[in-house]
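Chains as they are written, first to last, in this note's numbering: chain A, 1 to 284; chain B, 1 to 365; chain C, 1 to 366.
For the record, the hints were derived by calculation from the structure and aren't laboratory data.
Virtual Cβ for every residue (Gly too), placed ideally from N, Cα, C.
Take these hints with a grain of salt, some might be off.
Stated by the list, open to error - One side only, chain C facing chain B, incomplete, derived with CB under 7 Å:
#1 29
#2 119
#3 178
#4 179
#5 192
#6 193
#7 215
#8 216
#9 218
#10 222
#11 235
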Amino acid sequence: MNHKIISKFTRYLVIIIFLSWILIPVLWMVTLAFKSYPEWRVAYFFPKEPTFMNFILIFEPKQIVGMMGATALVDPVTLPFINSLLVVGASTVLSVIIGFFTAYGASRYNSPGPFSLFFTLLTRMLPPATFVTPIMVYYSNLKLLDSHLGLIMLYSAVTVTYGIWILKGFIDQVPIEWEQAALLEGASHLQVVFRVTLPIVKSGLVVSGLFIFLLNWAELLFALVLTNVQAVTLPVHISKYVGAVGQLYGPQAALGILSSLIPVIIGYIIQKHLVTAFTFGMVR
Amino acid sequence: MVYLEVKNISKKFGEVTVLRNISFEVNQGEIFAIAGPPGAGKTTLLKILAGLITPDEGIIYLEGRNITGIPPSERNIGMVFEMPPVYPDRTGFENIAFPLRLQKLPKDHIEKRVYEIAELLGIKHLLNRPPTTYSGGEYQRVALARALVRNPSILLLDEPLRNLDAKIQESMRSWLKRLQRELKTTVIYSTHDPLDAMAIGDRVSILIGGSIKQLGSPTEVYSSPVSLEVAEYTSIPALNILKGKMREVDQNLVEIDINGILKIRKKLIKPIIEEFREKEIIIGIRPREIDISEVGPSENTIAGKLVLVQTIGSENLITVEVDKYLIRALSKKKLTLTEGSNIFLTLNPDRIYLFDPETGAALYF
Amino acid sequence: MDKLIVENLTKRFGDLVAVKNVSFNIKEGEFFSLLGPSGCGKTTTLRCIAGLETPDEGRIIIKNRDVTRLPPQERGVSLVFQEFAVFPHMTVYENLAFGLKVRKTPKEEIKKKVLEIAETLNLKESLGKIAGRLGLSEKQRIALGRSIIVEPEILLLDEPLTLVDAKVKEAMRRELRRLQRELKITILYVTHDQLEAMMMSDRIAVMDAGRILQIGTPTEIYEDPKKVFVARFIGSPTINLLESKLITEKDEYALLIKDTEVKIHIGKASERNVLSKHSGRELVAGIRPEDINISKELEPGYHFSSTIEFIEMMGERMEVYLKLNEEYIRALTPLRTDLKEGDRVYVRIPLDKILLFEAGTEERIL
């Protein structure tokens, strides 16, 4: 009995330590966002005089005076936020759609050839840093720098891999006889895909979509290099705040909350769908 | 009336020949059962009939029409596979209505037809529920409803009872047979269980290793197997297989020496006697054809040691050790003996099968 | 000696009570089966005994040790599933040796035991082969061998033959029983197939909806079922159950079959005291198909005549469906060529084979 109590205690202790490691900084960020300027550099958590000031600040253009007198002009977060939504949203949709059809082909037709499906993983094997420069050159020539289209294309190309692999797993689980039955009943191959397979792997689409969205939302490197003014995304915008210049801790924290808002909501939704996704099995 | 005619169907997958020269006919309104061990080619054959797989050779005629090259959707065939097409993401109604919706039939017609078939199959209560709530038997019936809703010319059932509880298999099979009687649909039913095939089929074909080894009424196939292979396959409990030598005693009478443990006399026709005298033959005896007795030897009796007694309701399946062989017998007799004691097995010379050791063909008398 | 004692086992999953107050004992060297339809709680019970589930109430005692709170590896049980556990990339030898290696058994002993088990299971020639490439039957024997070789107190089997085809199943049922008797292993076997349970078990516990309805030898359960459910679940083809009323005619009891004129006299009132309190009440009469006599000629003592609606051929026997108003009575007879669908026949039911149950409680009376 004793032995059991001790092991339970240690387990909980470990869990608490772990969670604290992760959650305490988050808590700090959340409380920081509500602190006004004098309180930005204090050592306690909860603000004595909470304020929404930071949230307003991030929406206004600011002249920042930082260390050593250097200045920078920071734009309101509105544009980057909208850009992120647009770019990430579009590339997610594209990744899922292309991913679905590719996965379907891979699952049902043994096509492409035996090694090709493997190549789709390559995009994820190369460190992005290795090909960001060539891309920049291409984009420069194609006038795609600082464009939404450019980013969307790139993001889609990179994350479509996830779409393919996640969805292939789901599609593989749909017995081929279910599609053959529909063929027997007069469905064309296209109808089979849209009226049989697609509805059944619905939860797979949601899961892959949400997963890809999260990945792209946090993407910094490409956006940093390939955007400038117009297509600036949220991560890039945040990085500007956190520079040699920016000591605007409060607004930074507010930005942190703003940009985490969407992933947190998505993470919550994913969780519920993951359950249905995994119980997608045979009826006995 | 010959409804379905299958001629010389062959199919190879890579190097492996899965079906070899399959030919048979199915009459309208009958249940045609195809029985065979796993891997015999049953599913492949059914998929070829459905049009999902193209045969390498052969022709299929349905109602006189050559349907060999025709795509599955135009054959008007209903099929229930081993993974019955009941989609988990929609209600029973939607599942059954699916084929009708594909044909773009008017809404009220679809509704009427679905309710009709659901009524017939006793599954109206499942129409508004998702398949995740169905029991095994209900699942099969919804799949069946879907296959029948289009009024197919012929219904192909690929081991439909496989995933069901033993007891439910029994009731489903009877139910299926009675349903078919009512609907008069022509059915091809495949199964790995020979008893299942014989119980449900009006005629039965035995498919082993890609060829049809025998075809006939259940009684024919069971009582008069044409080969050792068929006799062995249709025997549950397993056939007793022994070797023996034949010696001519009189005109049309031989004495068969079974493994040195028993000499049994049997009437045979002259040609067989001439061909096999003094040669080795194979003897097959079904467990149920062996009589057991606890007391002393009499004619055609072997003595052995009781190794295993297994009760099956009103009958006993016993395994007896005779010399170095194990012989199985099935009997209704009540046994007072325990394992390890001596027991006597009596063979009926009219009920033993003789087979040619080289070809496996049955020697008929 | 009792190898396994299960006391008042209860297991809930949320609102669902999967196992309700289940108690039974298994003796050393016994083949004991839990038999019941899907969802009756037999697998959950097995899993509790194996240690894969923790019961909400009750105790599990293996060889006088209370193992209720112990993890699976400390209970001395071995479990064989439907999807049998065979390491595909290892040889048969390595597979069989695995359990012993994990227990740090000396090499010499491992070799001895593996050879022994391989001999019994007819795997000696396959010892060097890669397990993944072998057929179903071999794989099963390997899985079985793996679980037997560690000499568990109890071998637990969870519907291991469900995925196997009919002919191999039949052979396995004999082999498994023989093996069990030879090696004197204590086995707890779970199945939904009553034929399987009957063929292999020393005793069977019939379960439904989380409860044990009856425990007995195969013969006891077949001849002496205590509830309608048990009578209906055991025996193939399924028993005929006729709703009837117990009436008195002259000084004899008779069963009046519902919606018919058919009366089956079952004996003098004076001789059947146990029936006296049920007089006039509704009863369920159970008659097994194999007990029914059919004759084409009018014989004295027949109970009713009927038309053959249907015949199902079952190899050496036939199941004959006879119409009795709205329902069917099924009779099992040896293969006869004189009976055809549409024939009129005379039916006689041997009185000593009738099982009577009270209609409401479904309890057995006679």
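Do the hints match the structure? See the list:
no.: 1; hint: 29; verdict: violated (13 Å)
no.: 2; hint: 119; verdict: violated (16 Å)
no.: 3; hint: 178; verdict: holds (6 Å)
no.: 4; hint: 179; verdict: violated (11 Å)
no.: 5; hint: 192; verdict: holds (5 Å)
no.: 6; hint: 193; verdict: holds (4 Å)
no.: 7; hint: 215; verdict: violated (16 Å)
no.: 8; hint: 216; verdict: violated (12 Å)
no.: 9; hint: 218; verdict: holds (4 Å)
no.: 10; hint: 222; verdict: holds (5 Å)
no.: 11; hint: 235; verdict: holds (5 Å)
Checked against the numbered hints above, the structure violates hints 1, 2, 4, 7 and 8; every other hint is satisfied.
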